[in-house]
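*Asks:* Each residue of the sequence shown is one higher than the one before, counting from 1 in the working numbering.
By construction, these hints were calculated from the structure, which means they are not laboratory data.
You may find that some hints are simply not true.
Cβ pair distances, simulated, as ranges [what the hints assert, rightly or not]:
1. E124 with I196: 23 to 31 Å
2. E109 with L209: 48 to 56 Å
3. E109 with R216: 41 to 49 Å
4. S267 with K226: 16 to 24 Å
5. F157 with V253: 18 to 26 Å
6. L266 with V214: 45 to 53 Å
7. I183 with A33: 35 to 43 Å
8. L67 with E124: 40 to 48 Å
9. S49 with G211: 45 to 53 Å
10. A200 with A41: 41 to 49 Å
Under the rule of at most 25 Å between Cα atoms (straight-line distance), these lysine-lysine pairs were calculated in the DSS-like manner [unchecked claim]:
11. K226 with K130
12. K226 with K193
13. K239 with K226
All C-beta atoms, glycine included, are put in the ideal place defined by N, C-alpha and C.
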Amino acid sequence: MDVGFIGLGQMGAAMAACLLRGGHRVTVHNRTAARAQPLIAQGARVSDSVAEACRGDAVFTMLADDLALESTSFGPGGVLASLARNCIHVSSSTISVELAERLARAHAENGGTFVAAPVFGRPEAAAAGKLFVVAAGERAALERLGPLFSAIGQRTFVVADQPPLANLVKLSGNFLIGAVIEILGEAMALTGKAGIDGHAYLEILTATLFGAPVVRTYGALIAARKFEPAGFTVPLGLKDIQLALRAGQDLSVPLPVAALLRDRLLSLVAHGRGHLDWSAAGALAAADAGAPYP
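Could you build the full structure based on these sequences and the hints that come with them?
*Replies:* What follows is the structure, given as structure tokens:
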């Protein structure tokens, strides 16, 4: 298939590379053009404009936040104005439910097709084509996109025909990851202050009742205090928790743990730790107990 890909951060670049390896013809666009160079070496074409990336069978957007996706999608030369007939806009960005609703409505009014397909997985999973895709949209469009989802992920979950619901699921999942980071940090702070090695403690957890990948991944980062280089930075985590809180407010669902997570991440930003991986929030309980600040 002919695929456009807009947004070549750690996740986007890895996903575009997987599409290339899957035999698809990929045209990439990024605000910082130098980020496209490794993909050019793998066979990608480079577009100087958003419009040029919107002429194939599908165009993915994988951008940092609502503002970036909104500015790329709307207005002259944006995705909505440039989308070729039968080209599907696939948003893999973690965005607010409100923006997903706006995009779905705008595409429908414009005669286009919008699919939300956010993903679960860190950059290393993206590079290996092992993401989990959470997709929502028209059934026919999802069927057409099947080969592309298979190229970037190990499994696709179709949750609804309404795209915003995929974004809600993604936000709820990131909220859960943040909660695991906090709980692990608190448990490790308790046992660690008593002298129990963090890695040994994590082995007990993962070998008994808590063998989930999220516990293994983030527990290892917290135990090693390995927060650089960041796979997912503190500001991105803060953005997602704030979006989850906003969704909770809109649906009248209190999320008290999410409020705690927001404040944990905001503390890291306030202390100049925004460049760290968001797993650094798991070290704050130990810092509260007298250990060094991450």
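*Asks:* If any of the earlier hints don't hold here, list their numbers in rising order.
*Replies:* 6, 8
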